[in-house]
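Novice: So you can see what is in the structure, the chains are spelled out below.
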Amino acid sequence: MNDTATATPASTTQPPSEPLLRVEDVTLQYKTAEHLVTATYRVSFDVHSADRFVLLGPSGCGKSTLLKGVGGFMKPVEGSMRLRGRPIDGPGPDRMMVFQEFDQLMPWKTVRENVLFPMKVSRKFAAAEANDRALAAIEKVGLAKFRDVFPHMLSGGMKQRVAIARAMAMEPDILLMDEPYAALDALTRRQMQEELLQLWEDTRFTVLFVTHSIEEAIILGSRILVLSPHPGRVKAELNAHQFTHREQGGEAFMALQRRIHDMLFAECLEAHGTPRGAGHD
Amino acid sequence: MTDPRPLPPLRPEIENRSLASGQIGEVKRPLSAWERVTNIDWVRRITILLILAAAWEGYGRYLNNPLMVPPFSMVMESLWQATVNGPLADRTFTSVRVLVIGYACGVALAAVFTALAVSTRVGTDLLSTLTAMFNPLPAIALLPIALLWFGLGIPSLVFVIVHSVLWAVALNTHSGFLAVSETMRMAGQNYGLKGIRFVAFVLMPAAFPAILSGLKIGWAFAWRTLIAAELVFGVSSRSGGLGWFIFENRNQLDTAAVFAGLTAVIIIGLVVESVIFRNVERKTVRRWGMQR
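Each protein sequence line maps, in turn, to chains A and B. Quick note: the first sequence, position 239, residue 243 per my numbering, numbers continuous. Quick note: the second sequence, position 131, residue 1335 per my numbering, numbers continuous.
Hint data in this document are derived by calculation from the structure and do not stem from the laboratory. Please note that the accuracy of each hint is not assured.
Said to hold, decoys possible - Covered by chain A, according to a simulated footprint, are these stretches of chain B (three or more residues, beta-carbon under 8 Å):
id	segment
1	1378-1390
2	1393-1400
3	1403-1415
4	1483-1493
To be verified - Counterexamples of contact, computed for chain A against chain B with all Cβ distances above 12 Å:
id	residue
5	Val41
6	Thr42
7	Arg88
8	Asp98
9	Gln108
10	Gly146
11	Pro155
12	Met157
13	Leu203
14	Thr210
15	Glu219
16	Arg263
Stated by the list, open to error - Taking CB as the label site, the calculated pair distances span:
id	chain 1	residue 1	chain 2	residue 2	range
17	B	Val1484	A	Glu199	34 to 42 Å
18	A	Gly89	B	Glu1219	57 to 65 Å
19	A	Leu40	B	Arg1496	41 to 49 Å
20	A	Lys124	B	Asp1245	31 to 39 Å
Keep in mind that this is a model prediction, so the values were computed, not measured. Even for Gly, the Cβ is constructed at its ideal location relative to N, Cα and C.
Full structure from sequences and hints, please.
Specialist: This is the structure:
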């Protein structure tokens, strides 16, 4: 099935191509009622075409904020983000986002209309073509039977499939996924991960994926950016293109998992300053 | 102290290779006729109305004083007479026409105010201040001023109706917009929607349950304000509305006709609520699963 998922990426055999997305020294801050919080501090990374690029880190490492920055929902206070050489300036349909929440679908539109809507309003495709693309995308995520159903009648996993179909039908430069499977049960999550890998096999889209699960990062990612918390800084950038579900539990897989775990855990110790039990009282 | 608990016995694994469904029996059963009939909304509602009418009839006959409480049958007869031979149809038409004009103006103004409120901060302050000032002010209290400014006639009525509709609708619509989830907003922006297109394609449908309840409240305020205003003056005796019909008949001590006028007011209320608003709800917020 996923034979080519384990293949070596083109970049190691060919001279490296110009990156699709270049993030350079990006510092992102947001305001709460009382504080100005620095979410990420001088983060840099490059995403190349057909990468499955994962942002991995514990909560508070600014990975979701970083994704929002790429999505154009936040402006960096420092540094630059360029997509195909153009600076990112506000949200747009060239970077379709799949959110974690199930309420991202518009409840007043059927599955088909939901998938069709962004293509309509962005005028990227002609009406007839948009309709064909919508039906094909729905077919691809296995929801052909449900195309005229309203979102409230779907399960969580099905809603996420629609959101993915909606994003993929737009053929964005880059697909942004913000922990899209975090709210799913374990069985559905695994199935969705397999489906995503299969879809990637079929079309080789570029995806920037946020997760806090080391396992998910290794399985789904071809390259993993490990971030440290408070504020988010780049801890490491690792290759994981050789792993899928079949390698799960294997020696190399476990080794990588342990390595990432140690990286994040070490950071945890540093952050707390003193080891456990050495408190003042 | 006590022996450790013994281990549970080792039991063989069980695996059902084929699941026969022959013996389960009843998996699906059609509802009985009684269950099906009582499941229909309007059947239950009509039943309630019939019981109320019967109670009224009984009390009216028991009292035997048509000047105070004419029985239901007498009121219905009066209603029929006033509709077929009398001025009731004309009166109703006059009232409904004024109502529609006033309601439409009020909703349009509310849309302008809310658009201002979502797009600018000054607009938000303006709307919340004006709403706080005028929403508690009974519209009928403005009638003397309206009469002074616009004289006896439709403009005065429209003015008080607009006042009664505007604040309720604007307040509900605005709070509906504020309640639209961040995810939904971001999804809309992600499509590249901005400004008025964002409001029309994302905020309006997403806030529709709140907008609809604002429209319902606004309609009820408008209807009661209109009837009350008509009670005070009848525009002119030829073209007065339902309120004037009630007032006229009270002066002639025709209590059955007064009740007939009230019944007409109630019937129109029921029709608007159960035909217009219910259908709009069924086709929108219920269908979309935003409301049960």
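Novice: Now, for every hint given, state plainly whether the structure supports it.
Specialist: Hints and how they fare:
Beta-carbon proximity to chain A at under 8 Å applies to 4 residues in the segment 1378-1390 of chain B; the threshold of 3 is reached and the given coverage holds. Counting residues of the segment 1393-1400 of chain B whose C-beta lies closer than 8 Å to any C-beta of chain A gives 5; at least three are required, and the coverage claim holds. Interface restraint, the segment 1403-1415 of chain B with chain A: holds (5 residues with C-beta to C-beta distance below 8 Å; minimum three). Closer than 8 Å: that is the beta-carbon criterion, and the segment 1483-1493 of chain B has 4 residues meeting it against chain A, so the requirement of 3 holds.
With a closest Cβ-Cβ approach of about 17 Å to chain B, Val41 of chain A is found to remain outside the 12 Å limit, as its non-interface label requires. With a closest Cβ-Cβ approach of about 21 Å to chain B, Thr42 of chain A is found to remain outside the 12 Å limit, as its non-interface label requires. Every beta carbon of chain B lies more than 12 Å from that of Arg88 of chain A, the smallest distance being close to 17 Å; the non-interface claim holds. For Asp98 of chain A, the requirement that its beta carbon stay farther than 12 Å from each beta carbon of chain B is not met, with the minimum near 9 Å.
With 12 Å as the threshold on Cβ separation, the claim that Gln108 of chain A sits away from chain B is violated: the shortest Cβ distance comes to roughly 5 Å. The beta carbon of Gly146 of chain A is kept farther than 12 Å from every beta carbon of chain B, the shortest such distance being approximately 22 Å. Against chain B, the non-interface label of Pro155 of chain A is violated: not every CB pair exceeds 12 Å, the least being about 7 Å. Not every beta carbon of chain B lies more than 12 Å from that of Met157 of chain A, the smallest distance being close to 7 Å; the non-interface claim is violated.
Distance to chain B confirms Leu203 of chain A as a non-interface residue, since its nearest Cβ pair spans about 20 Å, more than 12 Å. Every C-beta of chain B lies more than 12 Å from that of Thr210 of chain A, the closest at about 16 Å, which supports listing it as non-interface. Listed as a non-interface residue, Glu219 of chain A keeps its Cβ farther than 12 Å from every Cβ of chain B; the least gap is roughly 26 Å. Non-interface status of Arg263 of chain A relative to chain B is upheld: no Cβ of that chain comes within 12 Å, the nearest being about 34 Å off.
For the hinted restraint 34 to 42 Å between Val1484 of chain B and Glu199 of chain A, the CB-CB distance of approximately 39 Å keeps it satisfied. The beta-carbon spacing between Gly89 of chain A and Glu1219 of chain B, approximately 60 Å, falls within the hinted interval of 57 to 65 Å. Under the hint 41 to 49 Å, the C-beta atoms of Leu40 of chain A and Arg1496 of chain B, about 42 Å apart, fit the expected range. The hint said 31 to 39 Å for the Cβ distance between Lys124 of chain A and Asp1245 of chain B, and at roughly 36 Å that hint holds.
Consistency note: the structure conflicts with the earlier hints numbered 8, 9, 11 and 12.
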